[in-house]
Structures are given as structure tokens and as C-alpha cells.
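I would like the entire structure built from these sequences, with the hints used as guidance.
There are 2 protein chains.
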Amino acid sequence: MVQIEYFFYFCRVNKVFMKKLAVVALGGNALLQSNQAGTIDEQEGNALATAECLVKLLKRDYNIVITHGNGPQVGNIMLANSAANKLYGIPEMPMDICVAYSQGFIGYIIEQQLKNVLEANDMDRDIITITTQVLVNKDDRAFQNPTKPVGPYYSKEEADKFTQETGAIYKEDVRGRGWRKVVASPKPLVIINKKTIEKIAREGHIVIAVGGGGIPVFYVEPHKLQGIDAVIDKDYASALLASQINADKFFILTDIPKVCLDYNKPTERQLDKMTISEAKRYLSEGQFPEGSMGPKIRAAIHFVEHSGKDTIITKTTLLGIDNGGTRITLV
Amino acid sequence: MVQIEYFFYFCRVNKVFMKKLAVVALGGNALLQSNQAGTIDEQEGNALATAECLVKLLKRDYNIVITHGNGPQVGNIMLANSAANKLYGIPEMPMDICVAYSQGFIGYIIEQQLKNVLEANDMDRDIITITTQVLVNKDDRAFQNPTKPVGPYYSKEEADKFTQETGAIYKEDVRGRGWRKVVASPKPLVIINKKTIEKIAREGHIVIAVGGGGIPVFYVEPHKLQGIDAVIDKDYASALLASQINADKFFILTDIPKVCLDYNKPTERQLDKMTISEAKRYLSEGQFPEGSMGPKIRAAIHFVEHSGKDTIITKTTLLGIDNGGTRITLV
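Heads up: the sequence lines are chains A and B, in that order.
Going by our numbering, the residue at position 84 of the first sequence is 85; the numbering climbs one at a time, nothing skipped.
Going by our numbering, the residue at position 45 of the second sequence is 46; the numbering climbs one at a time, nothing skipped.
One thing to keep in mind: the hints can contain errors.
Copies of the same chain are indistinguishable here, so a pair counts whether it falls within one copy or spans any two.
As the list claims (entries may be wrong) - In silico DSS-like pairs for lysine-lysine, Cα to Cα no more than 25 Å straight-line:
no.	residue 1	residue 2
1	Lys21	Lys200
2	Lys21	Lys196
3	Lys200	Lys20
4	Lys20	Lys195
5	Lys250	Lys196
6	Lys60	Lys259
7	Lys20	Lys196
8	Lys157	Lys87
9	Lys57	Lys225
10	Lys57	Lys316
11	Lys60	Lys225
12	Lys281	Lys310
13	Lys60	Lys250
14	Lys57	Lys20
15	Lys188	Lys225
16	Lys316	Lys60
17	Lys149	Lys162
18	Lys259	Lys281
Hints were generated in silico from the structure; no laboratory data involved.
Okay, structure coming up:
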């Protein structure tokens with residue numbers, strides 16, 4: 002009898018440990034929609050709507066780690082940085098610091114709105130926003146040919162001056178809006194603090210991490226991590242996190258319910274499921290453009306290939322709904 | 002024999018749990034000194050020097066939670082905010098968001114430098130920067146008479162316009178530099194996420210939390226937390242954290258080795274120790290001015306009174322040194 006009681010006690014205290022662990026990569030529209038100005042009220046309203054969808058997943062017995070992008074927010078932060086330097090002579094902060102700003106900001110908003118929704122649903126869980134560094138390699142080939150435009154537009158003269166002063170590379174905008182700094186998008190290698198992120202999440206707390214793809218850092222020398230001007234793809238960094246913390250499922254949220262073939266053509270069709278070899282074939286056939294679905298498919302493949310588990314690509318409102326979204330599987 | 006083996010196993014796995022837990026409130030000069038411009042190199046250099054002192058404490062078998070101020074950094078963030086609005090029409094972010102920015106930024110810098118120092122010392126611990134909300138009461142009397150100046154200086158006309166638009170209060174700077182927004186400094190009541198902060202720290206990880214006194218939030222209605230324009234005293238918020246997570250010791254770092262009576266007078270003398278009743282008497286005698294030592298003494302009293310444990314006020318370089326600093330005790 003004693004053994005049986007112990008068994009039930011063990012089950013009870015370990016209940017949260019037995020839940021499945023999911024990583025949920027929020028889409029850009031989770032916080033800011035393309036037709037919005039970016040006021041704090043708009044961003045809080047969007048975060049609240051997202052939080053209500055996340056609760057549906059929590060109710061299906063998942064522990065979750067939430068990741069998010071930071072495109073429009075970090076863009077505004079870099080503009081503010083530049084404006085403060087022009088108007089007040091305040092020293093400009095490098096890219097890694099701007100990402101850290103955006104992680105604090107966006108994490109706080111999601112955390113607050115989600116906490117409000119959890120409390121209203123009588124769910125008592127801590128929500129922990131963790132500033133996250135992500136290791137990259139200084140020898141990554143991406144640094145030889147930076148392509149990702151960031152920050153304000155400048156005149157050619159200003160851009161040339163900055164290049165002389167800092168070595169940074171500026172390229173002319175294709176739509177003629179001016180010259181803009183371009184940075185590399187290197188491959189993420191290690192999520193610093195992955196062990197603690199996994200532990201906190203498996204204990205039943207909700208973790209918000211790897212915001213904006215993480216703060217890119219590299220080893221200048223042994224025992225010397227340092228930030229670097231770069232942007233890590235947030236879906237790929239989220240896939241890396243999901244595989245490094247042994248997640249059971251990886252959700253990539255976007256603004257359409259399912260991945261489509263022949264997107265926006267008369268022959269368009271939605272996919273309920275694809276294997277990673279199908280996904281690779283569609284990628285090579287150009288079905289998923291680089292600016293939108295391409296990076297998500299590659300992130301999905303990374304997770305499935307490294308974990309054997311499924312990735313789901315869908316829209317936020319279909320989270321936790323049976324057969325919502327496109328399931329990417331090993332076989 | 003089996004029981005004895007179990008006992009040793011228990012001791013081993015619980016080793017980190019048996020360490021003492023300390024909260025260390027960094028001083029403003031931990032990141033930026035008053036004669037510095039505020040470049041990222043200066044701030045990283047200061048954080049590195051601070052990290053080297055923190056390691057001395059870790060080597061004395063403490064688990065630690067680090068808190069920090071954000072005065073100069075959040076000041077620059079608010080200026081940048083205002084400049085971005087003027088130059089580019091970007092929506093201004095309220096005070097709580099600016100604090101969240103600064104928590105991400107400062108936490109990242111301390112985390113990175115401390116990680117480098119730990120690795121060089123062969124110490125393997127995760128360092129976790131947690132965005133921290135701190136609950137205040139909207140009915141706190143401080144909101145009736147806001148006194149804490151924040152953000153840019155404006156002309157009287159600009160200030161009047163903002164007051165009309167937003168209801169915020171602006172006061173003229175005593176040194177005639179213009180008009181500046183003033184916000185309340187309410188009493189912190191609850192450190193949101195204190196349970197998880199304590200747990201992570203007791204497991205042997207280093208936590209960075211409650212940056213800038215925390216993001217001030219209040220309940221607009223049940224289940225609805227919301228940010229508010231206010232500044233929480235960082236030493237007091239740190240004392241509250243220390244008592245709410247049952248810390249064994251609370252360190253408040255400043256730029257002098259010990260608390261002094263008759264500071265800067267011919268009769269100046271350093272204190273090795275004082276009881277909280279002595280501290281209260283000195284406070285009422287005006288020994289500790291509001292702009293500098295006063296808030297630290299009040300924070301020390303709060304922790305000692307609520308925990309029965311000691312607070313140490315000292316400078317960063319004396320951390321972990323026997324008899325360094327002034328010890329504030331219950332009796």
C-alpha cells in the first residue's frame with residue numbers, strides 16, 4: 002500500500018514535468034500589423050489577442066516557450082538611436098544593444114498581457130522573460146556578404162562617412178529611399194542559457210526567450226563573448242532553441258492558416274501535411290519565397306530533422322485547434 | 002550502509018541549495034561613472050570591473066541575485082524616444098516601456114561580462130536576466146505629488162502643451178535648464194515573479210532582476226496589470242526583493258567604503274556597524290541626505306526589519322572582503 006501511495010504522490014508532484022514542451026514562434030503581426038503606426042496601445046492590443054490564443058495551447062497540457070520577432074520595433078529603436086545622436090549628441094548604441102532593448106520591451110508586453118489572460122482564466126503560472134544571447138561564428142560566410150538592411154536611411158555622403166569611420170557597409174535601397182546599413186544574417190549555433198530555459202519551462206512556467214532571433218554574440222577569444230552587428234533569423238533561432246531544449250513540438254505562427262503551393266495563383270492549394278523531403282523539393286522548386294515562407298520552411302525542416310518531432314505552421318488563431326495548420330513531419 | 006550512501010548523495014545534489022542567498026544592489030557607477038560620456042565601451046568596461054568583484058562573493062559560497070539602477074541609461078532612452086518623435090514621427094513610448102528597454106540593455110551587458118569572468122575562472126553557471134514588473138498601488142500618496150524628474154528638458158510652451166495633451170506634470174528645473182516631466186516614486190509592494198527568481202537563484206544560477214527598481218505596474222481592475230509612469234527607488238525595490246525571496250544577506254553598493262557620520266565635515270567618521278534603531282535616529286537627525294545615502298539606509302532598514310538578517314553597505318571593490326563596509330543589524 003505504501004508503494005502505491007508513493008506512486009500517486011510521485012505522479013502528482015511530477016505532473017507538470019510530464020506535460021509536453023512546445024516552442025511557439027510568434028509571427029510579426031503578433032505585436033504589430035503592417036497597417037498600424039506602432040503606438041503602445043496597438044501593440045498591447047495585439048499582444049492581448051495573441052495571449053488569448055496561447056492560452057488554448059496551455060489548456061491542451063503543453064508547457065511553452067514563446068519566441069518572437071522584433072523587426073518594426075528594433076527598426077524604430079535604431080531610428081531613435083540615430084535621432085538622439087543628431088539632436089542631443091548621445092553616443093549611438095550598436096546593434097546588439099538595440100536587440101537587447103527590444104527583447105526587454107516586447108517580452109514585457111507579451112508577459113503582461115499573457116499574465117492578465119492567465120489570471121482571468123484562473124491559471125497560476127509565472128511568465129519569465131529572459132534576455133537571450135545566441136552564439137554565432139565570426140567566420141560564418143554571411144559576414145563576407147552582408148545583405149540584411151537595418152536602421153535609418155541616409156544620404157550617400159552620410160553613408161560614405163559612416164563607412165570610413167566604422168567600416169560598416171551601406172547599400173542603396175532598391176526603391177530609392179536612400180542608403181542603409183546592411184548586416185550579416187549568420188547561422189545561430191548555440192542558445193546561451195538553453196539549459197535554464199528548458200528547466201524553467203519544464204517546471205511549468207512560461208518562458209519568453211530568443212526575442213528577435215537573439216542577441217548575436219561571438220567569441221573574440223576564449224572566455225570572451227562579445228556582441229556583433231548582425232541579425233539572426235528568428236524562425237531559425239527558434240528552431241535551434243526547440244531542438245536544443247528537446248521540445249516535443251514546434252509551432253511557427255504566420256498570417257495564413259496553412260502553407261500553400263502556388264501561393265496567390267489560380268492553382269493555389271493548401272497543404273495539411275508535408276514530409277521534410279517534400280518540403281526540400283518544394284523549396285528547390287521556388288514554391289516558398291525568401292522574404293516570407295522560405296525561412297519558416299527551413300526552420301521547420303531544421304527542427305524535424307534534428308528532433309524527429311513535428312513542426313506546425315499556422316496562424317495564431319488556430320493554435321491548439323485539431324488539424325489547424327500544416328504539419329511538417331520526418332516521414 | 003545504503004542509508005549512509007543516500008545521505009551523501011542527498012548532500013551532493015543539494016550542495017548548491019545549501020549556499021547562502023545574497024541580493025546585491027549595484028551602484029550607479031557599476032555601469033557608468035559621472036565623468037563618462039556613456040559610450041558602450043565605457044559601460045562594458047565598468048561592467049567587467051564590477052563582474053570581477055562579484056566573483057569574489059560567488060567564491061565565498063553565495064548564490065546571488067543582482068539588481069541595478071538605470072538612471073543615466075533610461076534618461077538617454079527617453080531623450081532618444083523624444084528625438085525619434087520629433088525627427089521621424091515615431092510614436093513615443095511611455096515610461097514603463099523605457100524601463101523595459103533599459104532592463105534588457107543593462108542586464109545583457111552585466112550578464113555578458115560576468116559570463117566572461119566566470120568562464121575565465123572555470124565557473125560554470127548560467128546567468129539569467131529577467132525582465133521584472135513590480136506592483137505599486139495607484140492610491141499611493143506619491144501619485145498626488147510627483148517629484149522625480151525624468152526625460153528631456155522642454156520649453157515652458159512645450160511643457161504646457163504636453164500637460165494639456167496627456168495630463169502629465171512638468172516642473173521647472175532648479176538650475177534653470179528648462180521644464181521637465183516629474184513622475185511619482187511610489188512604494189514597491191510585490192516583485193512579480195519573485196518565486197521563480199528565488200528558485201533559479203537557489204539552484205545556483207545567477208539572476209539579474211528588478212533593473213531600475215523594476216517596471217512599475219498596477220491593477221487597473223482585477224486581472225488587469227498595466228504599466229504606469231513612475232520610478233521605483235531601486236535600493237528599496239531591491240530590499241523588497243531580498244526580503245520576499247528570503248535572502249540571507251543584502252549588499253547595497255555605492256562609491257564609498259563605509260557609511261559615514263558628518264560626511265564631508267572635519268568630524269567625519271566611518272561606521273563599521275549600526276543597529277536599525279541607530280540608523281533611524283541618524284536618519285531623523287539628517288545625517289543621510291535624500292539624494293544619496295538616505296534611500297540606501299531606508300532600504301537597509303527595510304530588509305533587516307523584515308528578515309532579521311544583516312545589510313552591508315560598501316563599495317564594489319570590497320565585496321567578499323571580511324569587515325568590508327558598514328553592517329546594519331537588527332540589534
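So, going through the hints one by one against the coordinates:
With identical chains, the CA atoms of Lys21 and Lys200 are at most 25 Å apart both within one copy (13 Å) and between copies (22 Å). Taking the closest pair of Cα atoms, Lys21 and Lys196 come within 25 Å of each other both inside a single copy (17 Å) and across two copies (23 Å). In this homomeric assembly, Lys200 and Lys20 come within 25 Å of each other (Cα to Cα) both inside a single copy, at 13 Å, and across copies, at 20 Å. For the identical chains of this complex, Lys20 and Lys195 are neighbours both inside a copy (19 Å) and across copies (24 Å), given an alpha-carbon limit of 25 Å.
Proximity of Lys250 to Lys196 under the C-alpha cut-off of 25 Å is restricted to the intra-copy arrangement: shortest distance 18 Å within a copy versus 27 Å between copies. For the homomeric pair Lys60 and Lys259, the shortest alpha-carbon distance inside one copy (22 Å) is at most 25 Å, but the shortest distance between copies (53 Å) is not. Within a single copy, Lys20 and Lys196 get their C-alpha atoms as close as 18 Å, and across copies as close as 21 Å, so both meet the 25 Å cut-off. In this homomeric assembly, Lys157 and Lys87 come within 25 Å of each other (Cα to Cα) both inside a single copy, at 17 Å, and across copies, at 23 Å.
Only between protomers do Lys57 and Lys225 lie at most 25 Å apart by alpha-carbon distance; the minimum there is 19 Å, versus 42 Å within a single protomer. For a Cα distance limit of 25 Å, the shortest separation of Lys57 from Lys316 inside one copy, 13 Å, qualifies, whereas the shortest one across copies, 50 Å, does not. Taking CA atoms no more than 25 Å apart as the test, Lys60 paired with Lys225 passes between copies only; the shortest distance there is 20 Å, against 42 Å inside one copy. Taking the closest pair of Cα atoms, Lys281 and Lys310 come within 25 Å of each other only inside a single copy of the chain (17 Å); across copies the shortest separation is 61 Å, beyond that limit.
For the homomeric pair Lys60 and Lys250, the shortest alpha-carbon distance inside one copy (15 Å) is at most 25 Å, but the shortest distance between copies (40 Å) is not. In this assembly of identical chains, Lys57 and Lys20 lie within 25 Å of each other by CA distance solely inside one copy; the values are 15 Å within and 40 Å between copies. With identical chains, the CA atoms of Lys188 and Lys225 are at most 25 Å apart within one copy only, with a shortest distance of 19 Å there and 39 Å across copies. Taking the shortest alpha-carbon separations for Lys316 and Lys60, only the intra-copy value of 18 Å comes in at or below 25 Å, while the best inter-copy value is 49 Å.
Taking the shortest Cα distances, Lys149 and Lys162 sit within 25 Å of each other inside one copy (20 Å), while across copies they are farther apart (40 Å). Proximity of Lys259 and Lys281 under a CA criterion of 25 Å is satisfied intra-copy only: 17 Å inside one chain copy versus 66 Å between copies.
Of the numbered hints given earlier, the model fails none.
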